[in-house]
Amino acid sequence: MTQTLAPVPAHQLADPLAAREHARSQGGTVAESMPVLPPVADDLPEGVSPEDLVWEETIAAGGYATRRLSRGARLRLIDLKGDACASLLVFNAELPTERLNVADTVKVQWNAYLGEGKLLLSDMGRAMMSILADTAGTHDTFCGVSNAATNAAKYGEGRNSGPYPNGRDRFLLGAAKHGLSRRDVHPCITLFKGTRIEPDGTVVPQVGPFEPGRSIMLRAEMEVIVVIANCPHVLDPRVDYTVTPLRATAWRGPVTPADDPVRNATPEGLRAFLNVEDHFRR
Amino acid sequence: MNDPHLAGLPGAIVHDEVVPARAPWLHPVAKGQTLRIVDLEGNQAVDFLLYSAADDAERYSAQDTVAAQGNLFLREGTVLRSNEGRPMMTIAASAVPYHDTIGGACSCESNTLRYGHHTKSQHACVENFLEANLTQGRGKRDIVSNINFFMNVPVEPDGSLGIVDGLSAPGLTVDLRAEMDVVVVVSNCPQINNPCNAFNPTPVRMIVCA
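So the sequence lines, in the order shown, correspond to chains G and R.
Residue 38 in our numbering sits at position 38 of the first sequence; the count goes up by one each step and never skips.
Residue 1122 in our numbering sits at position 122 of the second sequence; the count goes up by one each step and never skips.
Source of the hints: derived by calculation from the structure; they are not laboratory data.
Be aware that one or more of the hints could be misleading.
Now the in silico label distances, taken between C-beta atoms and shown as ranges [unchecked claim]: (1) G/D42 x R/D1165: 53 to 61 Å; (2) R/A1169 x G/T135: 43 to 51 Å; (3) G/A133 x R/I1013: 53 to 61 Å; (4) G/D278 x R/H1005: 42 to 50 Å; (5) R/A1092 x G/Q26: 52 to 60 Å; (6) G/T29 x R/V1164: 52 to 60 Å; (7) R/Q1122 x G/A31: 53 to 61 Å.
Computed list of chain G residues with no C-beta within reach of chain R, every gap over 10 Å [what the hints assert, rightly or not]: (8) S33; (9) V48; (10) D104; (11) V234.
Beta carbons are placed, not taken as given, at the ideal position from N, Cα and C, and that holds for glycine.
With the rest of the complex left out, here is chain G:
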């Protein structure tokens, strides 16, 4: 997680100008997992202007990231190497007491398996995000994230400050960066690592590893804060802490129009859009 820095020669330790020189000499270093500022992406979908790019970041294995996205923005997540595990919290950025409601998301849509065309619903009956494209198909609405205790049991420890951070503690840090706290870390969804349910209720994890490059694209249907933790799925049976970097790219996009096929796909979903459109009727 932490980049290893070159050792500082002893004669620099007492010299602020030398320390400044040492610090500045690191500028421009390229790491596998880092944000790119200003954002650059050479693989934007056709028709997307590079000027509309708002976020380009590769999230470390075991790391997290968080971002406010505007209504209409597209968020593309790519599992770069086949073992990313993107657990996601979503808040209404304008009023964060409104947040993703996983139970309503599966109940209202009469289905528990996320994929193209599905909506992420808030606890206020509004569409928060919609899934525009999905080449993965293995996602999870049931199991949430690992916590300090589950990682301690599996890997020996699970602290943020150790080598095997857990999903919940990553969420806590990400939420805290928006002034949110323990009460706000709500049930989540996980993308790229999935579950399937057997008739007797048994949860079967689908953890791969999968082929590199699977992706999912979401559209923000309101002003949102997303918090993404990239830690091994809580039911990943592998003995080793196995997770690989996750790429996040976002760009500005038009607000969903009245004739949008995802908006109009089901009567329940249409009402979720009517409710979010009403929210913006000001």
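Following the hints, complete the assembly by docking chain R onto the known chain G.
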């Protein structure tokens, strides 16, 4: 002791109350005590949340509970876990095969999605959860995915799910043993638009024993 609802209780009764149809209920249950819920008239969903009495930012987590047991259904022996992975209560006995924890609670807002905007003025479980939690300083941020005792939400192979006819019958019970000091918050579900209450909300009885 001719009351069949009291059969097999492990200790002396410290609280015994009938929660009217559609109403909220909040009560502390100390570590080691048992809460028995009696479905008095049958097929009544009991929407249920738990908070640690010592630190109410620690609360029931459906996802931690499901992940820990690798199964969606809450059965006799299921440990109800917190958002920090700790045991809060254990289902010590259940007269129905399983209970739900994926279906969530009805709300005025979700009712507009499921049934139409004409249902927005109907009473709903989230209203009950809010009303009860507000008496102790908790609010909207504290409402998370809940348990629905006596409610049946099967998941089909393609992921389809829905609230279907309940598994309960008049007088059936579930017993919950507290593994820490907890505050129980219940909504005796007022929903009339799906089969969770057989379209007819009815009272339930809550018995706490030492």
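Each hint tested on the structure:
Taking the beta carbon of each, G/D42 and R/D1165 are about 55 Å apart, inside 53 to 61 Å as hinted. About 47 Å separates the C-beta atoms of R/A1169 and G/T135, a value consistent with the hinted range of 43 to 51 Å. Between G/A133 and R/I1013, the C-beta spacing of about 58 Å keeps the proposed range 53 to 61 Å intact. Evaluation of the 42 to 50 Å hint for G/D278 and R/H1005 yields a pass: the beta carbon distance comes to about 46 Å.
A hinted range of 52 to 60 Å for the beta carbons of R/A1092 and G/Q26 is consistent with their spacing of about 59 Å. For G/T29 and R/V1164, the hinted distance range of 52 to 60 Å is satisfied, since their beta carbons lie about 57 Å from each other. Taking 53 to 61 Å as the suggested C-beta distance range, the pair R/Q1122 and G/A31 conforms, at roughly 54 Å. Annotated as non-interface, G/S33 keeps its C-beta farther than 10 Å from every C-beta of chain R; the closest such distance is 26 Å.
At roughly 31 Å from the closest C-beta of chain R, the C-beta of G/V48 stays outside 10 Å, upholding its exclusion from the interface. Once the 10 Å rule is applied to beta carbons, G/D104 is inconsistent with being away from chain R; the minimum gap is 5 Å. For G/V234, the non-interface assignment is contradicted: its Cβ lies about 5 Å from the closest Cβ of chain R, within the 10 Å cut-off.
Going through the hint list in order, the structure does not satisfy hints 10, 11.
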